[in-house]
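> Chain order of the listed sequences is F and E. Quick note: the first sequence, position 85, residue 85 per my numbering, numbers continuous. Quick note: the second sequence, position 344, residue 1344 per my numbering, numbers continuous.
Please note that a few of the clues may not be correct.
[Said to hold, decoys possible] Listed below are the simulated EDC-like cross-link pairs for lysine to aspartate or glutamate, each with C-alpha atoms no more than 16 Å apart in a straight line: (1) F/Lys151 to F/Glu14; (2) E/Lys1215 to F/Glu53; (3) E/Lys1363 to E/Asp1299; (4) F/Lys29 to F/Glu53; (5) E/Lys1197 to F/Glu54; (6) E/Lys1197 to F/Glu147; (7) F/Lys27 to F/Glu54; (8) E/Lys1363 to F/Asp145; (9) F/Lys51 to E/Glu1447; (10) F/Lys143 to E/Asp1299; (11) E/Lys1215 to F/Asp139; (12) F/Lys39 to E/Glu1216; (13) F/Lys27 to F/Glu53; (14) E/Lys1215 to F/Asp40; (15) E/Lys1215 to F/Glu42; (16) F/Lys151 to E/Glu1216; (17) F/Lys27 to F/Glu141; (18) F/Lys39 to F/Glu53; (19) E/Lys1215 to F/Asp132.
Hints are computed from structural coordinates only; laboratory data are not their basis.
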Amino acid sequence: MTESTESSTSTPAERFVFGSEHDFLEKLKTLVKSGVKAKDIEILAPHPVHKAEEILSLKPSGVRVFALVGALIGAATGYLFPAFTVIDWPLISGNRPMVSIPPFTIIAFELMILFGALSAFLGFILMSRIPDVITIISDTEFKNDFEIVVKPGGVV
Amino acid sequence: MSTANGGAGTTSSEAKMSPAEIRLQMEHDIVSAMQKPTLGYWAAVFLCATVFVVGLLGCWAWQIYKGMGVAGIMNPVGWGVYITNFVFWVGIAHSGTLISAVLFLFRARFRSSFNRAAEAMTVIAVLCAGMYPLIHLGRMWYFFWLFPYPNQRLIWANFKSPLEWDVFAVSTYLIVSVTFFYVGLIPDLAIIKRYTKGASRWIYSAFSLGWRGTKEQWRHYNTLYALLAGLATPLVLSVHSVVSWDFAMGIVPGWHTTIFAPYFVAGAIFSGTAMVMTLVIPLRKIQRLERLITLEHFDRLAKVLLFTSLIVAYAYTTEFILAYYSGNVYEFGIFQHRAIGHYKFFYWGMVICNTVIPLPLFKKALRQNLVFLFVISIFVNIGMWLERFVIIVTSLSHEYVPYSHGNYTPSWVEGGITLGTFGFFFMMFLLFAKFLPVVAVTEKKEEVH
């Protein structure tokens, strides 16, 4: 483990770097036990670490809401739009009712998936605050080590 | 330290390495596969590009210039090789989603060796499939009539038609597959940024969206990935079901059956898994990815192939017995026609390739023999193409009235376009293999303890 202090702010940030996931999680546990709040801890990891989310007691992501809203809008569109088109221009085919629920269900199903997926992706982009132009144009990199940064003001 | 794949991917040198070193080694393996294309690589790309340009673009241009008469399709067989190819490529596309989404939901670790290549295969195969309805349309420049939009003709698309369902199903599949593929790539592109310079660095940096791996980014990423996997799984089942309904909704004997949806879905997974093997076995050798894609991984993929082969064999038997048991002379007539009629060699070729040749995979040693797996995968690809041809052509050539029976022979234009699509498919895959990471590095890193 390496430890460093950033002195760019009036209250320096503490930075801990680990090569091993196990050491990283142990340090994270220690920090949380010592009273540092999750909002004061930033972590950088080379891959998702589910246990870190548990230790920090992070809430479930709001991307789920985006997916749900998108899927519901998609399903509603899949029923209402074909219904509107056959009412706008009556197209009787196969001796079926003009507003025919079974075939429209297929359209509704596909649009539910499409809108749900795209909406979830939009939610991810907005909530993760990407594209991050500063990182794109700077030399900041996605590293191979685990890092814990305790923000200024966090008690260590 | 070891990787969590049952030890299959652990070498003696890795056993002495720290987790950080193993992760770094994984990055190096992937990045070295992407560097310095050899002359042989460019020769292969050039060959595929030539087949694509001459076969697909050349023959298609000729068909547009001369008219649909240059294709062999004619009454009574109005759907021939073009629709066969459409169904074949949609089927190939399915395994990408299966390996990525379904195996992700089941937490099957071996997916991380194949999912990137399978997802790329999905996107390219959907593009190939999407071309065929346009080629089959004849006047393809009116393709946008398929989409419902306010127009001066004052009419809308017919949402009760299975062909319109196809438009929505395949378009949705393409968009969701591209999204799923891209989302998985974001952290890996950020890794590649670290290893590149100049313009390449800018491009990888821009497409990685400034990914840093913060806790908020991973939290939303994990949720998005699980949601996309959850949405893609029913989607994959629905898309090939919709494709099967293009046939099953018609009253043509041999098509009008309720088993078509599961039968097509199983067949799609079967053919897609075979195509993943066809692509990944040489890729692993050429790009020296033995450390990341192990024999144990192939063993598990071979089990998927064997299992879906058994489902397909069951479906072949069931539809034959159903036709016999129904007492419907037209229905049973079609199946007799398939087995002993004009297309009997296609039918038996299909049966042997798809149900007999994969059976030796019950033996573990053969599931880990890559030459054997590669040969089997080629036979399955051929067999599954034949299956689609047999379903489409034999039924149309032998409908209700003997007066309208007639055989179909594909023309050289149809052959050229078919070959051209394979050129396009392999060209795109070769480009993918050189410019994007072929193994999901970030997911592989998760396996390191």
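> Give a verdict on every hint.
To see whether the hints hold, each was checked on the structure:
{"no.": "1", "hint": "F/Lys151 to F/Glu14", "in the structure": "7 Å, holds"}
{"no.": "2", "hint": "E/Lys1215 to F/Glu53", "in the structure": "8 Å, holds"}
{"no.": "3", "hint": "E/Lys1363 to E/Asp1299", "in the structure": "10 Å, holds"}
{"no.": "4", "hint": "F/Lys29 to F/Glu53", "in the structure": "11 Å, holds"}
{"no.": "5", "hint": "E/Lys1197 to F/Glu54", "in the structure": "38 Å, violated"}
{"no.": "6", "hint": "E/Lys1197 to F/Glu147", "in the structure": "25 Å, violated"}
{"no.": "7", "hint": "F/Lys27 to F/Glu54", "in the structure": "14 Å, holds"}
{"no.": "8", "hint": "E/Lys1363 to F/Asp145", "in the structure": "42 Å, violated"}
{"no.": "9", "hint": "F/Lys51 to E/Glu1447", "in the structure": "14 Å, holds"}
{"no.": "10", "hint": "F/Lys143 to E/Asp1299", "in the structure": "33 Å, violated"}
{"no.": "11", "hint": "E/Lys1215 to F/Asp139", "in the structure": "20 Å, violated"}
{"no.": "12", "hint": "F/Lys39 to E/Glu1216", "in the structure": "10 Å, holds"}
{"no.": "13", "hint": "F/Lys27 to F/Glu53", "in the structure": "14 Å, holds"}
{"no.": "14", "hint": "E/Lys1215 to F/Asp40", "in the structure": "12 Å, holds"}
{"no.": "15", "hint": "E/Lys1215 to F/Glu42", "in the structure": "7 Å, holds"}
{"no.": "16", "hint": "F/Lys151 to E/Glu1216", "in the structure": "15 Å, holds"}
{"no.": "17", "hint": "F/Lys27 to F/Glu141", "in the structure": "23 Å, violated"}
{"no.": "18", "hint": "F/Lys39 to F/Glu53", "in the structure": "12 Å, holds"}
{"no.": "19", "hint": "E/Lys1215 to F/Asp132", "in the structure": "15 Å, holds"}
In this structure, the hints that do not hold are numbers 5, 6, 8, 10, 11 and 17, in rising order.
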